[in-house]
Amino acid sequence: MYERYHIHAATVTPRYTPVPKFLIARADNCINCGKCERNCVYGVHERRDDDPRIMADPISQQCKNCFRCVAECPQRALTLSLNQDYLALGNGVWTPQRVLTVWNESEMGKIPVLGAGYRGMFSGPGYDAMWTDMSEIVRPTRDGIHGREHISTNVVICRNPPYLQFGPRGELLTTMASCADLPVPFVLDVSRLKEATPAMLKGYAQAAGELNTLFIFPVQGMAGLSQDIPESNMVPIIMTAQELASVPAGVRMIEIERDEGWDEVARTVRSQRPGIIIGVRLQTGPGIEERLLQASKEADVIHILLDQNGRDAEGRYARDAMRDLHRSLVKAGVRDEVTMIMGGGIAAAEHIPKSIICGADAVTLEEALMVSIGCRACKDCRMEECPANVKDSPSDYVKGRTINMCNAWRDQMLEVLGAMGIKEVRRLRGEVGRAIFQEDAERDSFAGMFGGDASG
Amino acid sequence: MMPVAEPHLCVPETSWVPAERLKFVNRFVVDRAETCISCGLCASLCPYGVHKRVEGHATILPPYDQRCIGPSCASNSFYCVKNCPTGSLSVRASETFPALGDFRWTADMVLATWQMAETGKPMSLDHPANVGACGGGFDQLHFRIPKGGSMPKDYQFSTSVLLNRRKNGPKLKIDIPVYGGGMSYGSVSLFTMVARAKAAQAWGTFTCTGEGGYPVELLPYKDHVITQIATGLFGVKEETIQRAPIIEFKYAQGAKPGLGGHLLWEKNTPLVAKMREAVPHTSLFSPFPFHSVYSVEDHKKHLDWISSVNPQALLSVKVSTPNDVEMVAVGSYYAGAHIVHLDGGYGGTGAAPEIAKKNIATPIEYAIPKVHRFLTNEGIREEVTLIASGGIRTALDVAKAIALGADGVVIGTAELVALGCVRCGNCESGRGCPRGIATTDPELIHQMDTEWGSKRIINLYSAWRGQWGDLLSRYDMHDLSELRGRTDLLRFEGGKEVRA
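Just so you know, the protein sequences line up as chains A and B, in that order. Take 0 as the starting number for the first sequence in numbering that gives the first Met the number 0 and just add one per residue. Take 0 as the starting number for the second sequence in numbering that gives the first Met the number 0 and just add one per residue.
Calculated from the structure, these hints are not laboratory results. Honestly, I wouldn't trust all of these hints.
Unchecked claim - Calculated pairs, DMTMM-like style, for lysine to aspartate or glutamate (alpha carbon to alpha carbon, straight line, at most 25 Å):
{"hint": "1", "chain 1": "A", "residue 1": "20", "chain 2": "B", "residue 2": "481"}
{"hint": "2", "chain 1": "A", "residue 1": "63", "chain 2": "B", "residue 2": "442"}
{"hint": "3", "chain 1": "A", "residue 1": "34", "chain 2": "B", "residue 2": "448"}
{"hint": "4", "chain 1": "B", "residue 1": "22", "chain 2": "A", "residue 2": "379"}
{"hint": "5", "chain 1": "A", "residue 1": "63", "chain 2": "B", "residue 2": "33"}
{"hint": "6", "chain 1": "B", "residue 1": "120", "chain 2": "B", "residue 2": "440"}
{"hint": "7", "chain 1": "A", "residue 1": "20", "chain 2": "B", "residue 2": "94"}
{"hint": "8", "chain 1": "B", "residue 1": "22", "chain 2": "A", "residue 2": "27"}
{"hint": "9", "chain 1": "A", "residue 1": "193", "chain 2": "A", "residue 2": "71"}
{"hint": "10", "chain 1": "A", "residue 1": "63", "chain 2": "B", "residue 2": "481"}
{"hint": "11", "chain 1": "A", "residue 1": "34", "chain 2": "B", "residue 2": "481"}
{"hint": "12", "chain 1": "A", "residue 1": "422", "chain 2": "B", "residue 2": "481"}
{"hint": "13", "chain 1": "B", "residue 1": "22", "chain 2": "A", "residue 2": "56"}
{"hint": "14", "chain 1": "B", "residue 1": "152", "chain 2": "B", "residue 2": "481"}
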């Protein structure tokens, strides 16, 4: 029977108190008149349970920054200020706003919808300097908008033959490689998380299983996970061909990670497990293009490892680095034969479609998995001093939060695809024409304009 | 015979329209301790009017923080803190101030807009609140104003815009290069709608019903009310089309391009539902796109349909800013549109997915010159009115949009800010706007009355018009349309000089 892919999201309340963006303070000159209680529609101000003559401390987490209580306080006793702890959240690609957004998405599993227009920076580094296209209606031809439920987010992770061969009687001669048909263009990669407890790994693995996506982890963790995720969703990372011994038969894909000699390991794996999908993890840096082309001959899947801010070894953002890698595969005529997975720097829903536009087939979720369970993406992470105490997260909690975030992100991807009038996420790959890059837009629109001279 | 609108200029009177409830936030806070003996020395010293001692009152009035220039005043001989005989006064930066506003609408910009709505007086062209802090687009485009000029008294200038440049239809003209954007009954309160309509009437321009029906309370202003047809067709009736001087087709909205409209269930009260002929307390979606329009030919049929219902109406086509926006504009023109209205990505909304606001379709700054140039090269620029919207916040943003190639602009958010909006962004759900502007909650809406609201909007545009005059005088121009397409007057601060 036909079954539509659906992610079952359900509210998972945070284990910690989320950092409020705004703080409300009540000064001593409050006369407990209760006007703020009547005015606030969010329940920030209430009287004390034990003594209703006195106003309780304001509940800042519920404040939505409307200033009504501040404006109408007859004593001017209330102040609303920006929380310094909020401003200190995150680092690098993780802005305070992104951390807060992921927390909300992981709690509710829904698309963040707000009133009023955009309030952020005009553009920014990397993906912030590109916009995705939309399809207006008054075009002579277009591929039509489809109901969100008819947009496919499936990607196929495998090696594709460049062409098919048929025998004299029309029979297929080409041996079709096995492939992993995933319902979402993102996979979970825990191998680069700074620290993950067994309970966290269990939760992430269960989430990957329920999402029916892949779960990438070091092969050493195999033993602890056998109960949590079907073998077909596991992607163990091996360094040597010997490690293949601990990989169960049902595993569809492995990844190889080593600087030198990975091609020999790949050949050994291929001879021992002919059907298995072989991925190779490539660090960027000198000679990446040659290594990429070589990998495209030996491996089925190329996994590009960017840093946690989505930058390559030269510090270029994925927006530019991935486009170059994609283009070099296209030039070599092998782009459609291999699958390219991009890892690093995915910190918001829009990063997934943007990565795909820039050339990736799929992306990995890494640090986002941590933020999802309450991590603040601190610059100096010390697990033992973690303000959100993530290491004590139970597996059910980790699973629920991860699934919620993935659901919110997939739904937002559907919005982006729907706006473009694209029916399949696979058709988005490398479609740079369906995006607007800031430098191009400024060249097109502001060409010839007087600029750069501060004196005017 | 075509009725031709009389060329007239109505400049409504400005009036002082204060708002007690908008005085809560200022840059500085002046504290007066209980040790104050109400001697009144500070009142006699402060030239800004922070302190006031009313004759016959036992104690001095609370400090008027808004007027205080802050601790930098310490260098002045009249600094109240230093002069107070009992040492009761202190001045500090407000902690509330940084909590207001955002990169697009800075706290300074919100306060300046309130100030203009209160007084009707323009701010100077070099005031920092003319630009936001988002680091791109309008915030990086500046007019190259010759140094040392100032506007002569009684400088004569025109800011009117002809909305119909085609051969058919009435030659509607607006006196300021601005009309009101579509905000539906449901997304905003009836009082807000009426206040906007009154202001539009006073200024000889238009406001728009949005897609949510045409409340009868707007009938007294019907010559100044545009009605919108969007994909949900909420509240669209033959008579609403027949009474409108301009019909706006909303194909897409900048804040959520390609996604259609949303009115979340909580704001769909029984009254709203009745107006929209829908079921109360259900989420109402205007699907994207018009499912009967898949080509320019379909689009033309669509416009012809309205022309047959109301032959006198001008047709405006509102679209967002995709990669091929210039093709969209040309297609709209050939389908018969009088007005091509581009709505950029950073525009306002009553509810939109956050991902769409930043990421889908470009900001308006890129779209205007592209379309202007393309229409010019096609030889049809003078037959179509190009209107821009989406993230146009101040009088200088309007002027920049015109210099980039637009004829005029549509304003939504700035009008709401004049009414006291703090852009908290909670208008989408629950009871809607807690400040009573963008809500239909029967209790919350009474925080504002239409008389007060319309005067605030009238004042805002008076102030803006003053700024436009000031700008024109610097270039010795007398008509705002002279500014159109003059990108040579702009400086782009984008780092390097951009060349073709």
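Consistency of the hints with the structure:
Restraint check for residue 20/A and residue 481/B: the C-alpha separation of about 46 Å exceeds 25 Å, so the hint is violated. Restraint check for residue 63/A and residue 442/B: satisfied, since their Cα atoms lie roughly 19 Å apart, inside the 25 Å limit. Distance hint between residue 34/A and residue 448/B is fulfilled; the C-alpha atoms sit about 21 Å from each other, no more than 25 Å. For the proposed pair residue 22/B and residue 379/A, the alpha carbon gap of about 41 Å is over 25 Å, so the pair is violated.
For a cut-off of 25 Å, the pair hint linking residue 63/A to residue 33/B is broken: about 33 Å separates their Cα positions. The hinted pair formed by residue 120/B and residue 440/B fails the criterion: a straight-line CA distance of about 33 Å is larger than 25 Å. For the given pair, residue 20/A sits about 14 Å from residue 94/B by alpha-carbon distance, which is consistent with the 25 Å threshold. With a C-alpha separation of about 21 Å, the suggested pair residue 22/B and residue 27/A falls inside the 25 Å cut-off, and the hint holds.
Between the alpha carbons of residue 193/A and residue 71/A the distance comes to roughly 48 Å, so the proposed pair goes past 25 Å and is violated. A threshold of 25 Å between alpha carbons decides the hint, and for residue 63/A with residue 481/B the separation of about 44 Å lies outside it, so the pair is violated. For the hint pairing residue 34/A with residue 481/B, the CA-to-CA distance comes to about 53 Å; that exceeds 25 Å, so the pair is violated. A hinted pair counts as satisfied when its Cα atoms are at most 25 Å apart, and residue 422/A with residue 481/B does not qualify at roughly 46 Å.
The suggested pairing of residue 22/B with residue 56/A holds, with an alpha-carbon distance near 24 Å, which does not exceed 25 Å. The suggested pairing of residue 152/B with residue 481/B holds, with an alpha-carbon distance near 21 Å, which does not exceed 25 Å.
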